[in-house]
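Each number in this note's numbering corresponds to the 1-based position in the sequence shown with 107 added.
One or more of the hints may lead you astray.
[Stated by the list, open to error] Below 20 Å or equal to it, Euclidean Cα-Cα: the simulated SDA-like pairs (lysine to any residue) are: (1) 217 - 151; (2) 217 - 157; (3) 217 - 159; (4) 217 - 199; (5) 217 - 169; (6) 217 - 132; (7) 217 - 146; (8) 172 - 146; (9) 172 - 156; (10) 217 - 198; (11) 217 - 186; (12) 217 - 136; (13) 172 - 190; (14) 172 - 133; (15) 172 - 182; (16) 172 - 136; (17) 172 - 184; (18) 172 - 151; (19) 217 - 139; (20) 217 - 133; (21) 217 - 190; (22) 217 - 137.
[Stated by the list, open to error] Computed beta-carbon distance windows for the label pairs: (23) 209 - 131: 17 to 27 Å; (24) 160 - 109: 46 to 56 Å; (25) 137 - 116: 47 to 57 Å.
Honestly, the hints are just simulated from the structure, not real lab data.
The beta carbon of each residue, even a glycine, is placed where N, CA and C say it ideally should be.
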Amino acid sequence: MTDPDRILANYEGTLAEAQRRSDAIRETLATLQVTERSADGQISVTVNDAGNLVDLRLGNALQRKDGDTVGREVLRVVQAAQGRVASTVQEAMTPLMGADSEAMHMMMDKLRSAQPPAEPERPSWGPPQSGLGQIEDDHPPVPRPPRAPRPSEEDEDFGDGGYLR
Numbered sequence: 108m109t110d111p112d113r114i115l116a117n118y119e120g121t122l123a124e125a126q127r128r129s130d131a132i133r134e135t136l137a138t139l140q141v142t143e144r145s146a147d148g149q150i151s152v153t154v155n156d157a158g159n160l161v162d163l164r165l166g167n168a169l170q171r172k173d174g175d176t177v178g179r180e181v182l183r184v185v186q187a188a189q190g191r192v193a194s195t196v197q198e199a200m201t202p203l204m205g206a207d208s209e210a211m212h213m214m215m216d217k218l219r220s221a222q223p224p225a226e227p228e229r230p231s232w233g234p235p236q237s238g239l240g241q242i243e244d245d246h247p248p249v250p251r252p253p254r255a256p257r258p259s260e261e262d263e264d265f266g267d268g269g270y271l272r
């Protein structure tokens, strides 16, 4: 026969270990950040474990660049940082959760599905992608769908007067 006090002590020990592991996971995720820099070092972004932007630093040399070019480069660097979040979380969580645990697989699936796909890297020195110099006729108008036919004159449902009699 099994001793109830020993069963209870084992159960309490298991709960305490689960609480310690949960606290360690929460603390690790709260401090986890990914920083990414542009090739020229003028743009630095930091995202948290959810991929949210928490820091953005822009170098003074960017003042001489076109705003649209800088904006595209900032977005590219942010997406690169967000793309590294899943692997960084996996690296930090493996000692705490186990590499092949169901909880790890579930968390990684969720992280990977939440992150945007990385855009292919475009050189920042390339020509701007604008519509400058284009003529409206360069792109033919999109045809509109045909209108629904009007009801015939013989339609008695709501013709010529009110429908409340």
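To see whether the hints hold, each was checked on the structure:
1. 217 - 151: Judged against 20 Å, a Cα distance of about 26 Å means the pair is violated.
2. 217 - 157: This hinted pair holds, its Cα atoms lying about 10 Å apart.
3. 217 - 159: holds, 15 Å
4. 217 - 199: holds, 16 Å
5. 217 - 169: Violated, at about 36 Å.
6. 217 - 132: This hinted pair holds, its Cα atoms lying about 16 Å apart.
7. 217 - 146: violated, 30 Å
8. 172 - 146: Holds, at roughly 15 Å.
9. 172 - 156: Between residue 172 and residue 156 the Cα gap is close to 31 Å, so the pair fails against 20 Å, i.e. violated.
10. 217 - 198: holds, 16 Å
11. 217 - 186: holds, 17 Å
12. 217 - 136: holds, 15 Å
13. 172 - 190: Not OK: residue 172 and residue 190 at ~26 Å, beyond 20 Å, violated.
14. 172 - 133: violated, 41 Å
15. 172 - 182: Answer holds: residue 172 to residue 182 is near 15 Å, not above 20 Å.
16. 172 - 136: With a Cα-Cα distance of about 36 Å, the restraint between residue 172 and residue 136 is violated, given a limit of 20 Å.
17. 172 - 184: holds, 16 Å
18. 172 - 151: At roughly 16 Å apart (the allowed maximum being 20 Å), residue 151 and residue 172 satisfy the hint.
19. 217 - 139: Within the cut-off at roughly 17 Å; holds.
20. 217 - 133: holds, 17 Å
21. 217 - 190: OK: residue 217 and residue 190 at ~13 Å, within 20 Å.
22. 217 - 137: holds, 17 Å
23. 209 - 131: 17 to 27 Å: Check passed, 18 Å falls within 17 to 27 Å.
24. 160 - 109: 46 to 56 Å: holds, 54 Å
25. 137 - 116: 47 to 57 Å: Roughly 32 Å apart at Cβ, these two residues miss the hinted range, so it is violated.
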